[in-house]
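From just these sequences and the hints, can you work out the full model?
Chains A and B, in that order, give the protein sequences. Counting along the first sequence from 1, when you hit position 452 you're at 533 in our numbering, and nothing is skipped either side. Counting along the second sequence from 1, when you hit position 105 you're at 108 in our numbering, and nothing is skipped either side.
Rather than coming from a laboratory, the hints here were simulated on the basis of the structure. A few of these clues could be false.
Claimed, not checked - Below 25 Å or equal to it, Euclidean Cα-Cα: the simulated SDA-like pairs (lysine to any residue) are:
1) A:Lys-234 <-> B:Tyr-66
2) A:Lys-186 <-> A:Tyr-225
3) A:Lys-439 <-> B:Glu-99
4) A:Lys-454 <-> A:Ser-543
5) B:Lys-108 <-> A:Arg-511
6) A:Lys-234 <-> B:Gly-26
7) A:Lys-186 <-> B:Glu-5
8) A:Lys-186 <-> B:Met-94
9) B:Lys-108 <-> A:Leu-308
10) A:Lys-439 <-> A:Ser-520
11) A:Lys-234 <-> B:Thr-86
12) A:Lys-234 <-> B:Ser-98
13) A:Lys-446 <-> A:Ser-520
14) A:Lys-234 <-> B:Gly-64
15) B:Lys-108 <-> A:His-242
16) A:Lys-234 <-> B:Arg-95
17) A:Lys-234 <-> B:Ala-87
18) A:Lys-234 <-> B:Phe-88
19) B:Lys-108 <-> A:Ala-379
20) A:Lys-186 <-> B:Val-100
21) B:Lys-108 <-> A:Tyr-225
22) A:Lys-186 <-> B:Gly-26
Said to hold, decoys possible - A few chain B residues facing chain A, derived, Cβ under 8 Å:
23) Thr-23
24) Leu-46
25) Met-85
26) Met-94
27) Ala-96
28) Val-100
The C-beta atom is built at its ideal place from N, Cα and C for all residues, glycine as well.
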Amino acid sequence: MMQHLIVFPIVLPLIAGIMLLYQRQGLVRYKRIVSVVATVLLLAVAIGLISQAMRGEILYYALGNWQAPFGIVLVLDRLSALMLLITALLAVGAVIFACAGDDEKGSNFHGLFQWQLLGINGAFLTGDLFNLFVFFEVLLLASYALLLHGGGKARIQASVHYVVLNLAGSSLFLIAVGTLYGATGTLNMADMALRVAELPAERQGLVTAGALMLLVVFGLKAAILPLYFWLPRAYSAAPAPVAALFAIMTKVGIYAILRVYLLIFGESAGALTALEQPWVWWLGLATLVASGVGIMAARDLKLLVAYLVLLSVGTLLVGVGMRTEQATSALLYYLIHTSLITGGLFLLAEMIGLQRGKAGTRLVKSRPMTQGKALGLLFLVGAVAVVGVPPLSGALGKALVLNAAEGAQRLWLWPTLLLVSLAALIALSRAGSTIFWRSYRGSLGGNALPRRQWFAVIWLLSAAPLMTLFAGPISSYTQATAEQLSQPQILIDTLLLDAGDAP
Amino acid sequence: MELLYAITTGVLSTCGLYLTLRGRTFPVVVGLTLLSYAVNLFLFSMGGLTTDGAAIVHGEGVYADPLPQALVLTAIVIGFAMTAFVVILAMRARSEVGNDHVDGKKEDRE
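Written out as structure tokens, the structure reads:
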């Protein structure tokens with residue numbers, strides 16, 4: 082049983098999604114129960130997996146018992162276990178929020194939601210480059226449909242851009258995978274790391290081309306500067322629970338960059354070591370600047386939060402671009418914080434929009450809100466956390482990233498990140514004061530919000546104080562993860578050497 | 004054969020890229036389809052081109068690399084589903100927005 086636990090994050094949402102396919106009138110309650118139970122079970126599985134990964138060994142699951150370089154493997158190390166846990170935490174919040182009514186605005190919300198989880202979990206677990214592509218497609222196809230959930234002009238417009246860009250990205254992914262397979266003769270990432278290490282010189286150009294094309298694809302998912310233009314529109318147009326789940330989607334790109342380049346193009350890769358590093362570092366800085374401009378210019382709360390996602394992407398990318406153990410550890414801490422908090426902020430923005438009636442989430446004067454005080458308090462917590470003002474988790478995360486920079490990197494990173502954070506601070510205080518204080522005199526508007534929505538937002542935003550309280554254990558975990566990532570040899574040995582006696 | 008194959012793939016991807024960059028949804032969809040054909044051909048050739056080789060190894064003789072064939076099958080299936088989806092999406096966009104420009108603009112500025 083325990084040895085099969087690794088495959089559960091993929092099988093569980095798959096089965097739940099199939100069960101949710103059953104269509105009939107009046108099944109709302111059944112669907113909600115199945116979806117919530119499946120997501121909570123997923124959280125339990127993720128906790129089980131992380132407690133296994135915490136012991137420090139790398140576990141793998143050979144599907145159909147075909148061993149590593151030939152068969153398909155799922156790999157569980159500290160990084161993938163952590164990502165699974167973040168996804169499950171975020172999904173629980175999003176699915177409970179959706180149960181308050183958003184799920185009934187279109188058809189089959191819960192089924193698609195589960196399949197999206199299937200794709201995300203699969204992408205985090207797979208140890209094979211082609212399966213990474215397949216799981217990317219699974220999560221993308223579910224996300225196309227989820228983005229359209231509920232319909233409307235803005236969503237369809239944003240979807241057209243999102244779908245076309247991602248289809249082009251998928252083509253590029255296949256070309257990159259094909260090139261790498263042609264040059265190295267394998268698709269298993271651990272095996273590829275070995276082959277790259279002993280690559281003949283004449284094939285280096287081919288592998289470089291393939292690797293950098295992969296970076297473009299991951300950059301499109303993660304929303305690096307020249308490839309991020311789809312993000313603000315898509316995220317601000319998406320239904321709130323979907324937008325909250327999408328907060329993890331950009332991190333799938335970041336995860337893929339970390340996984341592929343630290344494993345395949347690690348220190349053993351000779352001339353190809355760290356070939357992505359200058360690109361990621363400089364484009365990360367540029368993404369930060371662009372997000373600062375976007376944050377200042379946003380006139381809508383949802384758009385503002387979408388640009389805050391971009392800010393977090395920029396911060397994570399510069400962390401990846403530094404390519405030191407300390408930076409990786411810092412960026413992982415920041416990643417946990419930012420996924421949960423921006424997810425929570427998307428949900429909160431939706432609640433604020435519901436209470437304000439016609440004004441929605443636009444930053445204009447409107448009628449006062451019935452539950453303005455409670456919403457304001459939550460907004461304060463979220464804003465303080467996401468900007469990175471002490472005492473909440475954002476401050477710790479940013480301080481860790483800033484501290485990880487060395488020498489000349491400090492000269493670039495410190496002013497950029499601090500100024501962009503200042504821009505976010507200004508924009509969020511302006512947004513907060515417009516929404517909560519600048520209102521017409523008159524009767525209170527809006528009905529009381531459902532309790533499920535409150536629960537979901539508090540569930541996600543409580544990450545901010547909790548991550549500050551438990552900063553010690555969390556950062557020692559991320560530290561251990563960074564150490565494990567900087568020694569790809571362990572993973573390669575586990576996967577390829579002890580073939581034969583695995584489950 | 005390599006030359007012919009390379010030229011075909013190149014022409015397909017050039018046409019696909021050109022059409023993808025157009026401003027109307029129909030050429031964009033056709034462009035994406037051409038691009039996915041080019042990618043499938045490219046994937047098929049990534050293990051090297053073999054003539055008269057068996058796909059299943061008997062331990063002797065020439066054999067073709069079976070992996071790209073499996074991969075290209077997966078890629079075709081996924082590409083097919085995606086194309087179907089994007090066609091429907093383009094039609095929805097046409098009916099909701101009222102024109103078929105990718106940005107939903109009325110003015111034709113091509």
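Now for the hints, and whether the structure bears them out:
1. A:Lys-234 <-> B:Tyr-66: violated (53 Å)
2. A:Lys-186 <-> A:Tyr-225: Roughly 16 Å separates the two Cα atoms, so the pair holds.
3. A:Lys-439 <-> B:Glu-99: holds (22 Å)
4. A:Lys-454 <-> A:Ser-543: Measuring from Cα to Cα gives roughly 17 Å; hence the hint holds.
5. B:Lys-108 <-> A:Arg-511: violated (32 Å)
6. A:Lys-234 <-> B:Gly-26: Between Lys-234 of chain A and Gly-26 of chain B the Cα gap is close to 18 Å, so the pair holds against 25 Å.
7. A:Lys-186 <-> B:Glu-5: Roughly 53 Å separates the two Cα atoms, so the pair is violated.
8. A:Lys-186 <-> B:Met-94: It holds: about 21 Å lies between the C-alpha atoms, which stays within 25 Å.
9. B:Lys-108 <-> A:Leu-308: holds (22 Å)
10. A:Lys-439 <-> A:Ser-520: holds (13 Å)
11. A:Lys-234 <-> B:Thr-86: This hinted pair holds, its Cα atoms lying about 21 Å apart.
12. A:Lys-234 <-> B:Ser-98: This hinted pair holds, its Cα atoms lying about 10 Å apart.
13. A:Lys-446 <-> A:Ser-520: Holds: Lys-446 of chain A and Ser-520 of chain A sit about 5 Å apart, inside 25 Å.
14. A:Lys-234 <-> B:Gly-64: Not satisfied, since the Cα-Cα distance of roughly 60 Å exceeds 25 Å.
15. B:Lys-108 <-> A:His-242: Holds. Lys-108 of chain B to His-242 of chain A sits at ~14 Å (cutoff 25 Å).
16. A:Lys-234 <-> B:Arg-95: holds (10 Å)
17. A:Lys-234 <-> B:Ala-87: holds (21 Å)
18. A:Lys-234 <-> B:Phe-88: Within the cut-off at roughly 18 Å; holds.
19. B:Lys-108 <-> A:Ala-379: Given that 25 Å is the threshold and the Cα spacing comes to 22 Å, the pair holds.
20. A:Lys-186 <-> B:Val-100: Within the cut-off at roughly 20 Å; holds.
21. B:Lys-108 <-> A:Tyr-225: Distance ~22 Å between Lys-108 of chain B and Tyr-225 of chain A Cα, so the pair holds.
22. A:Lys-186 <-> B:Gly-26: Cα-Cα ~31 Å, so violated.
23. Thr-23: holds (6 Å)
24. Leu-46: Holds. Min distance 5 Å.
25. Met-85: Nearest chain A Cβ about 6 Å off; hint holds.
26. Met-94: violated (10 Å)
27. Ala-96: holds (5 Å)
28. Val-100: holds (6 Å)
When the structure is compared with the earlier hints, violations turn up for hints 1, 5, 7, 14, 22 and 26 and for no others.
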